[in-house]
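Number of protein chains: 2
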Amino acid sequence: MLDSALNFARNNRQSHLSGLCDWLRIPSISTQPEHASDVRAAAEFAAHYLRDMGMSKVEIRETKGHPVIYAEWLNLQPGTFNLPTLLIYGHFDVQPTDPDEEWTRPPFEPVIEGDNLYARGASDDKGQAFAVLAALESYFNAGGKLPVNVKVLLEGEEEVTSPNLFPYIREHVDELKADAILIADQDMLDPQHPVIMWGVRGNLYTEIEVRGPAHDLHSGTFGGAVDNPFNVLVHLLARLQDEKTRKVLIPNFYDKVEELYEEERALISQAPINDQVGLYLTGASALGGEEGYPLAERVSVRPTLEIHGIAGGFTGEGSKTVIPAKATAKVSMRLVPNQDPEEVFESLKSFLESICPETVKLDVRIIGRAHAVKIDYKSPEVQAAANAYEQGFGYKPIYLRGGGSLPIVDEMIKALSVPDRDIPVVMIGFGLPDDRTHAPNEKFYIPNFYHGIETVIHYLEIFKNI
Amino acid sequence: MLDSALNFARNNRQSHLSGLCDWLRIPSISTQPEHASDVRAAAEFAAHYLRDMGMSKVEIRETKGHPVIYAEWLNLQPGTFNLPTLLIYGHFDVQPTDPDEEWTRPPFEPVIEGDNLYARGASDDKGQAFAVLAALESYFNAGGKLPVNVKVLLEGEEEVTSPNLFPYIREHVDELKADAILIADQDMLDPQHPVIMWGVRGNLYTEIEVRGPAHDLHSGTFGGAVDNPFNVLVHLLARLQDEKTRKVLIPNFYDKVEELYEEERALISQAPINDQVGLYLTGASALGGEEGYPLAERVSVRPTLEIHGIAGGFTGEGSKTVIPAKATAKVSMRLVPNQDPEEVFESLKSFLESICPETVKLDVRIIGRAHAVKIDYKSPEVQAAANAYEQGFGYKPIYLRGGGSLPIVDEMIKALSVPDRDIPVVMIGFGLPDDRTHAPNEKFYIPNFYHGIETVIHYLEIFKNI
Chain V
0 MLDSALNFAR
10 NNRQSHLSGL
20 CDWLRIPSIS
30 TQPEHASDVR
40 AAAEFAAHYL
50 RDMGMSKVEI
60 RETKGHPVIY
70 AEWLNLQPGT
80 FNLPTLLIYG
90 HFDVQPTDPD
100 EEWTRPPFEP
110 VIEGDNLYAR
120 GASDDKGQAF
130 AVLAALESYF
140 NAGGKLPVNV
150 KVLLEGEEEV
160 TSPNLFPYIR
170 EHVDELKADA
180 ILIADQDMLD
190 PQHPVIMWGV
200 RGNLYTEIEV
210 RGPAHDLHSG
220 TFGGAVDNPF
230 NVLVHLLARL
240 QDEKTRKVLI
250 PNFYDKVEEL
260 YEEERALISQ
270 APINDQVGLY
280 LTGASALGGE
290 EGYPLAERVS
300 VRPTLEIHGI
310 AGGFTGEGSK
320 TVIPAKATAK
330 VSMRLVPNQD
340 PEEVFESLKS
350 FLESICPETV
360 KLDVRIIGRA
370 HAVKIDYKSP
380 EVQAAANAYE
390 QGFGYKPIYL
400 RGGGSLPIVD
410 EMIKALSVPD
420 RDIPVVMIGF
430 GLPDDRTHAP
440 NEKFYIPNFY
450 HGIETVIHYL
460 EIFKNI
Chain F
0 MLDSALNFAR
10 NNRQSHLSGL
20 CDWLRIPSIS
30 TQPEHASDVR
40 AAAEFAAHYL
50 RDMGMSKVEI
60 RETKGHPVIY
70 AEWLNLQPGT
80 FNLPTLLIYG
90 HFDVQPTDPD
100 EEWTRPPFEP
110 VIEGDNLYAR
120 GASDDKGQAF
130 AVLAALESYF
140 NAGGKLPVNV
150 KVLLEGEEEV
160 TSPNLFPYIR
170 EHVDELKADA
180 ILIADQDMLD
190 PQHPVIMWGV
200 RGNLYTEIEV
210 RGPAHDLHSG
220 TFGGAVDNPF
230 NVLVHLLARL
240 QDEKTRKVLI
250 PNFYDKVEEL
260 YEEERALISQ
270 APINDQVGLY
280 LTGASALGGE
290 EGYPLAERVS
300 VRPTLEIHGI
310 AGGFTGEGSK
320 TVIPAKATAK
330 VSMRLVPNQD
340 PEEVFESLKS
350 FLESICPETV
360 KLDVRIIGRA
370 HAVKIDYKSP
380 EVQAAANAYE
390 QGFGYKPIYL
400 RGGGSLPIVD
410 EMIKALSVPD
420 RDIPVVMIGF
430 GLPDDRTHAP
440 NEKFYIPNFY
450 HGIETVIHYL
460 EIFKNI
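Residue numbers (numbering that gives the first Met the number 0), protein chains in the order written: chain V, 0 to 465; chain F, 0 to 465.
Because the hints were derived from the structure by calculation, they are not lab data.
There is no bait here: all hints are sound.
Given that identical chains are not distinguished, each listed pair holds provided it fits within a single copy or across any two copies.
Pairs of lysine to aspartate or glutamate, EDC-like flavour, derived with a Cα cap of 16 Å:
#, residue 1, residue 2
1, K319, E158
2, K325, E208
3, K243, E357
4, K319, E206
Just chain V, same shape as in the assembly:
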């Protein structure tokens, strides 16, 4: 059945590409209310495709926001009930298109130029999700069935941090139970380097607000009379991180940070992430970050602290001499496995309260959090993906820990794991670093689309036998 599915996929590349283009024409921008009907249309398009290919149950489920698609095909014939079950996750919403003047092709009229397909969502995530669905379709067309049980969960709010998906998952745990989760929503390093992501960092996003005088004051009349919230805030912020080593100085911050096993360290050191690449990608005059760790570890398995912006006072042209009533900093910390965002927040809050002078009022609040996740890359479900990449692309993957946060991964692990065994989350992807996701002129490298379909076809076959 594998060969028939692969043959179908190879013989129908044109129609798969054409199907993807139809999906891309729907401007399913989840953050813009005027596109709500487009998000729904994109859901209906996918549901129609899933029904047509032969999934036994396909439903569009309402949420408080955009709808979710649930589909399944469970091979319940006698003697086959113990097939493993794969839960596939993807999303059909896209980012806004602004700045529109920078698009050299219209965002929702897909254009093929050479090996690239240009459109908003071409890579993130319609193109990658469609590759997974086309693999399922290839099996149904080749043999009328799938080699394993499959559940599909597609959402329309990923680009707005999935506010309604998490409650949805918690309310549908039984229906979503599976042996592994497959997510294709990431980049390869280049077409010869597929990536298996065996973890993501967590995040704690906070606002630190210092309030001083009841209203803005003139620094001539009142300079020297009160503590300026900015003057206080920079001292507080400077106490959060060592100036030289860039170690975070919040008490107990590193207590639960695990050191890598030698094997893990070796794996990370194999990734082609070196200072030369870092300098090229960032354009910085010199790299920075935590003393004592190589770049590849600093951006993936070490926690960090970043100030994103400081609001308040006067930042316009010229020289207004205001002592502002308040100053607010946005500060986030990337967290690593075992660091609990709530615990870190409590430490941060207590620490700042203990060092803040009584001349001002301090308010520290959370505005976002995500747990880090580490995946057992040696599990058969993940190794199956390595094997499938090798079949589908002709190259062994490299193993990376992701520096960003994917709250959905932790949410799904928490909801769908069974006692004593975390559900394996298999994070693969067919995008490329220059796909310009979230930016103008997003594209998808078409050979990766085809190799992606074949990779998933292989994955299902290998997954059946583990």
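Since the structure of chain V is provided, determine the placement of chain F on it from the hints.
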């Protein structure tokens, strides 16, 4: 002649008030180009008044911006050539009126309610300048001449930092030479507490910019790879001032700061500026500022350092995880006599360069500067004002050093002083702290207008005899 002038002023209060109202009807907002002809009209109004009263020379002089008025009356009759000469400075431009919706009376239709006259410019500075001109007029009407030589310099750009007045003064030094300068453009503490200002602080306004990566980066992907300009900037800023003592830590910052004489300290301690007043006026939960100095000194004779705002990165709603390419702080220092803004700037720049890590690029620049000024409050010219206040208001003045900056004072002293003797600048005023200058519903306390006229009448008489 004194009594005749006083009698004239008392008998013509209504017509002086009416004249001021006519001047206030002209919306001479210097910062708004559409009001350029109004600024000129306000100049012509004043020139007309000066000519009518009997000044021997009254000219409207063009500048690159709004015009300047120069007028003089020099008693050159035999035997009187050695009369002292007083240079009077004032301004006829006003601040914009926004927010307009907060005015409960129209800004340019003067309204008298009880003892107050409401209009933009009523206090700052048309009302105070008109009081000085009305005193001159009273002398001319009473006796056909003034008791001393008088030169008048009125400008129309005070509210936009006098860009064309400084070059004008430097080009007209001989014409402007005088024995003292009288400026009525400040507040009393209350109607029973006239104020003599015997100094103002200087200012050094800077921008400190830290540039890191060539473009904004995602803190997930790149957090740990580069030094974040914000993270660096807060460390640099925290190094500028001691967290506890609030001493400025820029090397050599205090080298030229003079300690007060005991007599000066005693004088300042007499001002009713105490912590209770400070808490009331600022609404802060506790006062702050440099350790070891009382509030009255911290806000007037001690230098300060203030951060006014920090630009860059993300400060909107929510949680964008950006490592910004750059971060820029606006930082100003109030300086005291003998501190040279250029020298302080060089110290600041060298210090920051010496502590800035090589992972970022630093740019420190001046965007504004003013020298502090200290006036000899014991000089006969200033003591004459104390005496005149006592005659005009019935109260002895209090002596304050101003915390803000008045660049015009230093400019005039530099241009018009003679070797071995700084020209005395006599800073008086008839405004009140609740006059809402620069804000909606500006007003002038009418009894202060009348007492102000009489104070200036007395001043000229006393000035003649010193």
